[in-house]
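Undergrad: Modelling step: build the complete structure from the supplied sequences, incorporating the hints.
Which chain is which? The protein sequence lines are A and B, in order. Counting from 1, one number per residue, gives the positions in the first sequence under our numbering. Counting from 1, one number per residue, gives the positions in the second sequence under our numbering.
Check each hint, because a few of them may be wrong.
The list that follows gives simulated cross-link-like pairs (lysine to any residue, SDA-like), each with its CA atoms no further than 20 Å apart [what the hints assert, rightly or not]:
no. : chain 1 : residue 1 : chain 2 : residue 2
1   : A       : K67       : B       : Q89
2   : A       : K74       : B       : Q17
3   : A       : K449      : A       : L106
4   : A       : K183      : A       : I402
5   : B       : K138      : B       : T39
6   : A       : K465      : A       : Q444
7   : A       : K75       : B       : T39
8   : A       : K634      : A       : S358
9   : B       : K22       : A       : V132
10  : A       : K78       : B       : S99
11  : A       : K128      : B       : N53
12  : B       : K133      : B       : F21
13  : A       : K78       : B       : I19
14  : B       : K140      : B       : S54
15  : B       : K36       : A       : T134
16  : A       : K74       : B       : L118
17  : A       : K67       : B       : S99
18  : A       : K67       : B       : S54
19  : A       : K120      : A       : I527
20  : B       : K143      : A       : F135
21  : B       : K133      : B       : N148
22  : A       : K128      : B       : S54
23  : A       : K47       : A       : I527
24  : A       : K78       : B       : E79
25  : A       : K75       : B       : H35
26  : A       : K129      : B       : N53
27  : A       : K75       : B       : I108
28  : B       : K22       : A       : F135
29  : B       : K36       : A       : H127
30  : A       : K75       : B       : N85
31  : A       : K634      : A       : L601
32  : A       : K74       : B       : T61
33  : A       : K78       : B       : L118
34  : A       : K128      : B       : E79
35  : A       : K442      : A       : S529
36  : A       : K63       : B       : E79
37  : A       : K78       : A       : N191
Keep in mind the hints are simulated off the structure, nothing from the lab.
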Amino acid sequence: MKRLSKYLNFIILVVLLIIVFTNHLSKNISTQITSILPQGENKELLKEFEKLNTNKQLFISYKGQSKDSLQNLKKIEKQLLQHNNIHPITTPSINKEYEKKYYYLLHKLDDKKFNSLDIKQELTIIHKKIMVSTFSFSLDTIDPLNLYEKNSLPKSPYLQIENYGYVTILQLDKGINNFDKYKEIYDLVQNIKQSNPNIEAFSTMFYFVENQEKIKSDVNLIITLSLTVLFILYIVILRNIKLLIHTITTLSSSILFALIISIFIFNELSIFTIVFGISISTIAIDYMFHNYLHGYYEHKKTLNKDVFFGMFTTLGAFFILSFVDFSFIQQLTVFSICSLLFSYIQFTFLFPHLNIKSKQSKQITKNKVTIKPIFISLVSIVLITVAIPNIKIDFNIKNLDIDNQELHDLDDFFNKFINKDKKTAVLLYANSVENLIINAHKLQTTYPKTLNPLGNIPTQNSFEKFDINRFETLNQEINRIAKEIGFRDNIFQNSYKLLDDIPKYTYKELKEFPIGQYKNIFITYAIVSNSNYDNIIKEPYIKTLSFKELFKKDLTQSLKNLQFFSFIALLFICTMLFVAVKSKFFQALNYILFPIAVLLLLSFYIKLNILHIFMMIVLIALSIDYGIYMNSSKLTNSTHKAIFYSLLSTFAGFGVLVFSNVNALFSIGLISTIGIVSLIILLLTHKVPK
Amino acid sequence: MKLLLYISLITTILFSQEINFKETKYIYALDNELHKNGTLNINKDTISLRYTNSDQKIIYTNDNIQIKTKNTTEIYTHEESIEYNIFFQLVLGVYTNNSQILMENFTIKSQDDMTTLLPTEYLASVIETIEYKKEDDKLKFLKINFTNQDRITIEEIE
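TA: Structure (structure tokens):
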């Protein structure tokens, strides 16, 4: 039994690893940013929109205006098209039979030309053109008199850019949505680019690849720094490598355990939940330090009352917050409760059986200056009161991304050629395909500059406007005159004739169009000019596709709910603090108030983002424990030491992120470092009995 | 300097090729066949086309396409005059046996001494197929079948 408990920690880790890998649980982890949005219509519609594949394009330019430049661009294009996931660009178009049937409803009639029409003259010109044309004259029998807009020959797929060269646009496969595929295409383009300095290439998926690479190199630096701090803590100060190995094993197991339970409950788990969840799970390390430094492991004691209170308060607060009607918070709180509870059980009940000996560590703190707790409370309350009106929240999660200036420049470079005006995509929706087309028409009529795939599709309304009698007469006249001039008999027999009745659209018939469906809601998109965006978004059949706005909207909807449960959680924390420390309640509360006050001072300089806020929650969770330990009746110098080591571990985990160049990581690092410094100030000024 | 001039003259003569041809064009819309004779001049950097009894001369260069009459000259980029661009590239590819040029717009299929060109996606709406046959470097015929049922047949004549 003794032998088993020695290895139990590792056995549990192996079992959990087997469960995770045999059930392929990594498949249930979503890297889509939408996964943190609450379940509901908005989220599902956004998912449907992503399937419509509007921006998976690859832009290639070739510098030089000579014929050779175009030839070289064609060669490069051919090379790229050999890749299975790269295709020539196609514009959404109605199927050919439909186009033929409803040509006169699909295109705009030139009324002026129709009213002053000389059929004989027009047909004579066409006859002459056919006779003198060198190649073949493309006679359009549907609209021979050119009364509607049309293209006789396909346009060249290459854009000739004045004073620069040529540009071509290719389409990336709908199916590609993983990093390996993106990287494969990115590498192919970069290889071509390297051998030819005249090429420029851009695709929005380049951000994904390049930023990932940048994050990797940044993370390598952070890991080195983090390991150095941990090495100093465990090897130089604590001098206990066995403790380090068991602690890492427990923390890893706690994360896997939380992952299994959370996936079981939520089915799909956001990568953001896992990242924050892992961060929160590491605060359990302070349970270990307290038990270890107070000799619980050496003397095989299990329950430490202060640690239990700390754990119970943190878990209780998370449990209350799990009722907030916002899926990201629900996922995060459940993950945190599972991982913290798991670690607590192992640190409390398993570690005393691991035969871990306490080694004499160095004396590192001596408080020479003490400040009266009431003074700290007052300063904290004043700072919080002053800072609160200043708080501005930045909901734009994209601001947390890497600032990849090189790619921004390339994006602007191609935008200059292709979209002169800055544009944004919006989502159109309706309860049927017919109504979706009607909505698209409304948008197209009100804002003609809108790029709207369904905006020109004929409706019942356009059919009713078509003057059948007038066109019947025109058809008869054309056929009579054409025969006189020398055209083949009946060559114009179907000209200006509607070949079918009222157009009836079904989802199937319009499958070439970007139409998505979620339950009974049909969606499509439109690309609108930024100058009209604010007005367009107010239309009742339009939804924003901006993640920032959707996130803000959903969070605002859940705000009252969040405020209510946050208040309950705060009340619970206060009650628990009172139960745990009784007369030293306000002194313990300082461990929450003071770090919050210092952190809120940041609002004078920066907008607080979502990562700042969640890191504050992590710090509050830590502070609750410290508040209880530091005001316990059993307070000794070991408590002081345990908290100091715990803070050092937290710095190794999060604080070092302050050296990162990635905004998201820097935000976490900044809050951790400031929080840790403020907690150290409290520790140093807290009077400790010898 | 003299040497350069000689080299340039020799290269011009070597690359220069004058081809007389007969063109038969079937126009479906008129249900009629037209016959024309013409001359193609293939030089190192230019190709020109002139039909008998026409004062129009079409010149294809690396940079542009020029349509010259007695009094006027119209200049188009290759992209603007896409019909002539394809036609001249076809002529250049077929006469100089340059499959690279042809492969820019077509897929090449050869059987016996007959070659068939199948157009790439964006030309396929206009041209159905192109067939040609060469014997001893001389073009027996070049037949372009259009999607609108027009046909052009070009045969080299002495």
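Undergrad: Please go over all the hints and tell whether each is borne out by the structure.
TA: Here's how the hints hold up against the structure:
no.	hint	result
1	A:K67 with B:Q89	holds (12 Å)
2	A:K74 with B:Q17	violated (28 Å)
3	A:K449 with A:L106	holds (18 Å)
4	A:K183 with A:I402	holds (18 Å)
5	B:K138 with B:T39	holds (14 Å)
6	A:K465 with A:Q444	holds (18 Å)
7	A:K75 with B:T39	violated (31 Å)
8	A:K634 with A:S358	holds (19 Å)
9	B:K22 with A:V132	holds (16 Å)
10	A:K78 with B:S99	holds (15 Å)
11	A:K128 with B:N53	holds (17 Å)
12	B:K133 with B:F21	holds (14 Å)
13	A:K78 with B:I19	violated (32 Å)
14	B:K140 with B:S54	violated (25 Å)
15	B:K36 with A:T134	holds (10 Å)
16	A:K74 with B:L118	holds (17 Å)
17	A:K67 with B:S99	holds (18 Å)
18	A:K67 with B:S54	violated (29 Å)
19	A:K120 with A:I527	violated (43 Å)
20	B:K143 with A:F135	holds (12 Å)
21	B:K133 with B:N148	violated (23 Å)
22	A:K128 with B:S54	holds (15 Å)
23	A:K47 with A:I527	holds (18 Å)
24	A:K78 with B:E79	holds (18 Å)
25	A:K75 with B:H35	violated (37 Å)
26	A:K129 with B:N53	holds (17 Å)
27	A:K75 with B:I108	holds (16 Å)
28	B:K22 with A:F135	holds (14 Å)
29	B:K36 with A:H127	holds (18 Å)
30	A:K75 with B:N85	holds (17 Å)
31	A:K634 with A:L601	violated (34 Å)
32	A:K74 with B:T61	holds (18 Å)
33	A:K78 with B:L118	holds (16 Å)
34	A:K128 with B:E79	violated (25 Å)
35	A:K442 with A:S529	holds (16 Å)
36	A:K63 with B:E79	holds (16 Å)
37	A:K78 with A:N191	holds (15 Å)
The structure fails hints 2, 7, 13, 14, 18, 19, 21, 25, 31, 34 (numbered hints given earlier, in ascending order).
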